Structures are given as C-alpha cells and as structure tokens.
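Visitor: Please construct the entire structure, taking both the sequences and the accompanying hints into account.
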Amino acid sequence: MTFRSTLIGLSMAMGLGAPALAQDVAVITPYLAQPGTQFYVDGFTARAEEAGWDLNVIDTAGDVAAVISRMEDVVTQGVDAIVINVDPAQVGAGLQTAADAGIPVVGMDAGSDPLVAANVTSNGYAMAAETAVYVANRIGGKGGVVMFTFDPFPPVQVRGVVADAVFGNFPDIEILDRITPDVSDGGIADSRAQMEAILSANPEPGSIAAVWAAWDQPALGALQAIEAAGRDDEGIVITGIDANPQARDAIAAGGNFEASVAQDFEGIGTAAADTVARLLAGEDLVRRVIYVPTQLITSANAD
Amino acid sequence: MWLIRRFGGLFGMIAVVVFFAASLPETFLTLRNWLNIGQQISMLAVIAATMTVVMVMGDFDLSVGSMASLSGIVAATLFVQDWSIPAAVAAAVAVGLAGGLFNGIIVSLVGILPFVGTLATLTVFSGLAFLISDGRTIFGRDIPAPFGDFARGGPPLASVDDRVLLLPNLVIVAALVVLVVWVVLEQTTYGRRLYAIGGNREAARLAGVPVRTLRLTAFAFTGVGAALAGLMYASRVASANPTQGDGLMLTAIAAVFLGMTLTRDGQPRVLATLVGVVVLGVLDNGLTQMRVDSYVREVLVGTIILIAVGLSALGRDGLVRR
Numbered sequence: 001m002t003f004r005s006t007l008i009g010l011s012m013a014m015g016l017g018a019p020a021l022a023q024d025v026a027v028i029t030p031y032l033a034q035p036g037t038q039f040y041v042d043g044f045t046a047r048a049e050e051a052g053w054d055l056n057v058i059d060t061a062g063d064v065a066a067v068i069s070r071m072e073d074v075v076t077q078g079v080d081a082i083v084i085n086v087d088p089a090q091v092g093a094g095l096q097t098a099a100d101a102g103i104p105v106v107g108m109d110a111g112s113d114p115l116v117a118a119n120v121t122s123n124g125y126a127m128a129a130e131t132a133v134y135v136a137n138r139i140g141g142k143g144g145v146v147m148f149t150f151d152p153f154p155p156v157q158v159r160g161v162v163a164d165a166v167f168g169n170f171p172d173i174e175i176l177d178r179i180t181p182d183v184s185d186g187g188i189a190d191s192r193a194q195m196e197a198i199l200s201a202n203p204e205p206g207s208i209a210a211v212w213a214a215w216d217q218p219a220l221g222a223l224q225a226i227e228a229a230g231r232d233d234e235g236i237v238i239t240g241i242d243a244n245p246q247a248r249d250a251i252a253a254g255g256n257f258e259a260s261v262a263q264d265f266e267g268i269g270t271a272a273a274d275t276v277a278r279l280l281a282g283e284d285l286v287r288r289v290i291y292v293p294t295q296l297i298t299s300a301n302a303d
Numbered sequence: 304m305w306l307i308r309r310f311g312g313l314f315g316m317i318a319v320v321v322f323f324a325a326s327l328p329e330t331f332l333t334l335r336n337w338l339n340i341g342q343q344i345s346m347l348a349v350i351a352a353t354m355t356v357v358m359v360m361g362d363f364d365l366s367v368g369s370m371a372s373l374s375g376i377v378a379a380t381l382f383v384q385d386w387s388i389p390a391a392v393a394a395a396v397a398v399g400l401a402g403g404l405f406n407g408i409i410v411s412l413v414g415i416l417p418f419v420g421t422l423a424t425l426t427v428f429s430g431l432a433f434l435i436s437d438g439r440t441i442f443g444r445d446i447p448a449p450f451g452d453f454a455r456g457g458p459p460l461a462s463v464d465d466r467v468l469l470l471p472n473l474v475i476v477a478a479l480v481v482l483v484v485w486v487v488l489e490q491t492t493y494g495r496r497l498y499a500i501g502g503n504r505e506a507a508r509l510a511g512v513p514v515r516t517l518r519l520t521a522f523a524f525t526g527v528g529a530a531l532a533g534l535m536y537a538s539r540v541a542s543a544n545p546t547q548g549d550g551l552m553l554t555a556i557a558a559v560f561l562g563m564t565l566t567r568d569g570q571p572r573v574l575a576t577l578v579g580v581v582v583l584g585v586l587d588n589g590l591t592q593m594r595v596d597s598y599v600r601e602v603l604v605g606t607i608i609l610i611a612v613g614l615s616a617l618g619r620d621g622l623v624r625r
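So the sequence lines, in the order shown, correspond to chains F and G.
Quick note: the first sequence uses our numbering, first residue 1, plus one each step.
Quick note: the second sequence uses our numbering, first residue 304, plus one each step.
By construction, these hints were calculated from the structure, which means they are not laboratory data.
One should not assume that every hint holds.
As the list claims (entries may be wrong) - The following label-pair restraints were derived from C-beta to C-beta distances: (1) F:126 x G:447: 31 to 37 angstroms; (2) G:401 x F:202: 36 to 42 angstroms; (3) F:126 x G:598: 34 to 40 angstroms; (4) G:314 x F:287: 50 to 56 angstroms; (5) F:252 x G:452: 32 to 38 angstroms; (6) F:114 x G:314: 36 to 42 angstroms; (7) G:479 x F:288: 36 to 42 angstroms; (8) G:456 x F:228: 54 to 60 angstroms; (9) F:169 x G:464: 54 to 60 angstroms; (10) G:314 x F:185: 53 to 59 angstroms.
The structure displayed is predicted, hence computed values, not measured ones.
C-beta atoms are modelled at their ideal positions from N, C-alpha and C, and glycine is treated no differently.
Guide: In structure tokens:
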C-alpha cells in the first residue's frame with residue numbers, strides 16, 4: 001500500500017496524475033512584458049481562478065512565430081480553449097491547427113478573424129462618439145472644429161467616421177480642417193506643427209472653438225501649439241482618446257485638454273474569460289466581437 | 304568512463320526524449336507532434352546548419368539574426384511594390400548573399416575579429432531593416448496569400464482521426480539546406496579544408512590551403528542561410544517585422560555548441576548540430592505541453608545547455624590532463 005501510494009505520489013509529481021477534471025485553458029501572448037497586456041492577463045487570471053481552470057499563461061517574449069509554435073503545442077496537449085493577444089492575421093497557421101482540432105480560440109483585443117470565435121475589445125465607435133459629443137456640447141453646438149484623424153489604420157479610421165457624423169449633425173459646427181498627422185515620430189511633433197499653421201491661418205480669438213483628436217498624441221501636440229501661441233485663454237476645447245498617462249496629466253492640470261476615453265484593460269481580460277466560459281459550456285456565440293465599456297476621463301477623474 | 308565521456312551528451316538527450324514520452328504518454332510520441340516540432344525548428348535548423356560552416360573554422364557570425372529580419376523586410380517591401388513572389392524572394396536571398404560576403408571580406412581580408420566585425424554588421428543589418436520598413440510591421444493584404452500559404456502547406460503524409468497530416472514545406476526546405484551543408488562539409492575538398500583551417504590556421508596556410516578565400520566564401524553560407532530562415536519566418540507569420548528574426552542568432556550558436564558535445568573530437572558537425580536543434584525544439588515543445596511557466600522554461604533550457612556543454616568540457620579536460 002505504501003509502495004502504491006508512493007507510486008501515485010510520484011506520478012502526480014511528474015504530472016502523470018489522474019485525468020484532470022479541471023478544464024485546461026492557455027493564454028498565449030508575445031507581449032506580456034507590456035503594461036497593458038499585464039492588466040488583461042490579471043483580469044483573465046482572476047476569473048480563471050474562480051472558475052477553477054488549469055490556466056497556462058505563455059509569453060514568447062516578442063516572438064510571433066513562437067506564438068504559432070506554442071499554439072500547436074497546446075493543441076497537441078489537448079487544451080479546452082486558447083486565448084491569444086496578437087493580430088490573428090500573423091498567427092493564421094496556429095488558428096488553423098486549433099480549428100482542425102476543434103479547439104475554440106478567443107481574442108483578447110486581438111482583432112477579428114473567421115477562425116477566432118470572438119474578439120473581446122473596446123468599442124472604437126463608441127469612444128469616438130463620446131468625445132465628439134463632449135466637444136459639440138461643450139461649445140454649444142457651434143464654432144470651428146479642427147479634427148486630427150488617421151484613416152490608414154483601421155481601428156483609428158472608425159473613430160474619425162463617427163466624429164464626422166456627430167459634427168455633421170450640428171449645422172453650426174464648421175470643420176476647419178481634417179488633418180492626418182505624420183506619425184513616424186510618435187505623432188506629437190507633427191501635430192503641433194500642423195496646429196501652429198492652423199492657428200496662424202485663424203488669428204481671430206474664438207475662431208477655433210475646439211480640437212477633436214482620434215487619439216491622444218495629436219491632442220497633446222495641439223495643446224503645445226495653443227500654449228506656445230499664447231492662445232490658451234480663448235477656451236479652445238481639446239479632446240483625445242486612449243487616456244494615456246501624459247494625456248491624464250494634461251487633463252488633470254485643468255488646461256485646454258479637457259477629456260479623453262480610457263479603455264478597461266482588466267475588464268477586457270475578465271470579459272475574455274467569461275467568453276471562454278460560455279464557449280466551454282457549449283454555447284454558440286452570435287456576436288463575434290464583444291465590447292467592454294470604456295470610461296470618459298475628465299479633470300474630475302483623471303488622477 | 305570513456306563511454307560516459309564519449310556518449311554522455313547523447314545519453315542525456317535521449318533521456319530528455321524518454322522523460323517527455325513518459326510524462327506525456329498520449330501526445331508526445333505521436334507523428335503529429337513530431338511534425339509540429341519539425342516545423343517549429345525548421346528556421347533554427349537552417350541558421351544553425353549554415354552557422355556550423357563558419358564555426359568549423361573557429362569563426363562566428365553574430366549578424367544572422369538581424370540578417371533574417373532584414374531579408375523578411377526586403378521581401379515584404381518588394382511585395383508592397385508589386386514584385387512577384389519568386390522575384391522578391393530571389394532579391395532577399397541576394398541581399399543575404401551580399402551581406403554574407405561583406406562579413407567574409409571584413410573578417411578575412413580586412414582582418415577584423417569575427418566577434419567584432421559581425422557584431423557591427425548585426426547593427427548595420429538591423430538598422431537597414433528599420434530604415435526600409437520605417438519600423439513598421441508589414442502584414443495583411445500587403446503579403447500575397449500564396450507566400451503565407453507556403454508555410455502552412457506541404458505534401459499530405461497520412462490521415463489520423465480524419466485529420467490529414469502534412470509534411471510541412473518548411474521541414475522540406477530545412478532538410479534540403481542541412482543536406483547541402485552536409486555534402487559541402489563532409490564530402491568536398493572545400494569542406495575538409497575548412498576543418499583544416501579550424502584545426503590549425505597557420506598549418507593549413509603553410510600546407511597551401513587558400514585560407515583567405517575560404518574564410519571569405521564560407522561567410523556566404525551564413526548570409527544565405529540567414530536570408531532563407533528570415534523568409535521562412537516571414538512566410539510562417541505571413542508578415543515581416545524589423546526584429547522578428549533577431550532571437551535566432553543566440554539559439555543557433557547554442558545548438559551548434561550542443562551538437563559539439565556529441566562529436567568525438569568536439570568539432571562542429573552539421574548532423575550533430577541538427578541533433579542540438581532538435582533537442583532545443585523538443586524542450587520547448589515538451590515543457591509547454593507540461594505547462595511549465597514560460598520563464599521557468601527559459602531558465603531550464605539555459606541550464607540544460609550549461610550542463611551538457613559543461614560535462615563535455617570536463618570530459619575533454621579529463622582526457623588531456625589526467
């Protein structure tokens with residue numbers, strides 16, 4: 001008997017244990033070292049522990065081909081679900097392997113793909129609507145608005161489309177310019193230069209009522225230009241999207257940069273885990289994209 | 304005792320396989336898993352095999368990783384400009400050949416130490432990759448579908464549980480490269496002379512071996528091998544990023560060193576290198592399936608390399624001193 005229990009103990013220690021009742025879930029990402037990704041994984045892990053899953057978080061340290069390799073490995077291992085946090089277009093071979101084995105893959109802010117059961121992310125349309133409406137209401141529905149957009153990058157392009165629609169619905173709002181800044185140096189410097197040109201072209205105080213930016217960098221560049229031109233007392237309203245730390249500081253300072261929108265990274269992780277749970281329960285997902293609510297950041301809650 | 308010294312490395316590697324086979328009885332020794340491993344190590348196998356050619360002479364090429372990144376970027380950039388797949392692939396391989404010959408010139412004609420010279424070209428190639436791509440990842444519609452499909456395809460091999468098993472194209476490419484390197488190193492005068500240079504460069508020179516020319520041309524192998532591996536990587540991820548091949552360099556050198564623990568005289572041999580590559584691939588595959596933490600996995604792999612190379616070094620010292 002002792003011998004037998006020793007054997008069992010030994011085999012358990014070596015991972016040969018009795019068939020696991022818990023369900024196996026693998027989270028595979030090349031980007032675990034990045035702060036945003038850690039929030040996703042924290043949210044996911046918390047929910048996975050509640051569900052009692054056997055969770056395996058795999059980081060490939062930036063190596064995307066290794067993500068495919070590790071997807072193949074966990075498919076061989078026979079996991080019940082895989083969660084990825086990388087552009088599905090780059091790991092098509094791994095998605096195909098999982099699909100062939102009938103293992104569902106959930107995207108955690110990954111992008112949409114026919115082989116991804118569902119992608120959990122923030123709603124770019126809603127984020128843009130929130131700041132565009134904020135601008136329109138703040139300026140009383142009239143005045144000149146400068147837009148910073150970036151149509152070549154699809155997730156940012158949708159934001160511009162929504163802002164166009166919102167401003168178009170106010171007859172007294174005039175779009176002074178719709179600028180696509182050069183982003184090769186991060187976007188702040190070129191946005192500042194473009195904003196300086198617009199300030200020179202519109203010298204009358206009050207001729208520019210607001211700057212709406214599709215993400216934070218152009219908003220920060222516009223802020224710098226307005227402050228450098230000494231026109232920060234005209235009440236020009238600036239908004240961004242993403243609420244990065246620099247933008248939060250600017251908003252908290254109470255200047256022209258008034259609002260941005262924060263994504264709920266941890267919430268995306270939690271919702272991804274909920275989505276996995278639904279798939280494991282055999283549910284068929286109708287929605288292939290699942291949005292997690294975002295939060296408007298103003299001076300009231302920027303800290 | 305000599306048995307352990309001579310075959311200790313081999314026993315260790317067999318032990319690794321046996322351990323995984325026992326721990327993962329259902330999955331590890333299946334054909335499907337080994338085809339997966341073959342596909343996963345194919346890029347490393349190409350770089351490590353060609354790295355063996357210069358390591359035979361006691362030289363190094365540290366620039367292979369960034370050359371792999373550069374060749375992927377070159378091909379993808381040409382795809383964006385509507386080049387055909389064969390033309391873009393040929394151009395990327397040509398870049399690899401040129402880069403390899405450049406390494407050969409600075410090492411053999413100019414006489415810069417390989418460690419310093421190829422460290423400098425590592426930076427140059429990496430910078431060029433960033434310059435050409437503007438630091439961006441090239442993916443999606445810019446990459447022609449047949450290029451990405453290549454890495455996913457291959458001739459069908461068998462059918463298991465209604466799922467067809469393919470012999471991956473990448474494995475075929477890697478096998479061809481290893482075969483070519485094996486023929487060059489083991490079956491030609493050229494290859495034997497490289498070993499002579501590695502044994503004693505001065506003696507080889509006095510014996511009439513054209514040391515300079517041979518060292519120069521040998522670096523062409525690592526350049527072309529790196530470019531091929533970069534293209535295989537780009538095909539596998541259907542995209543190109545200016546840093547994606549960088550990690551291959553250190554792992555390739557580790558694989559050659561692991562292989563050297565298997566040969567009788569401690570010399571680099573391409574088939575031994577291949578065994579080293581397989582062991583590294585098996586460790587990644589097996590430890591992932593056993594759900595070992597990613598970071599623990601890295602520590603384990605590094606430790607296993609140290610133990611293998613360390614035992615072999617102790618064994619050799621024992622032979623010489625005692």
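Visitor: Please name the hints from earlier in the document that this structure breaks, with their numbers sorted from lowest to highest.
Guide: Numbers 2, 5 and 6, in rising order.
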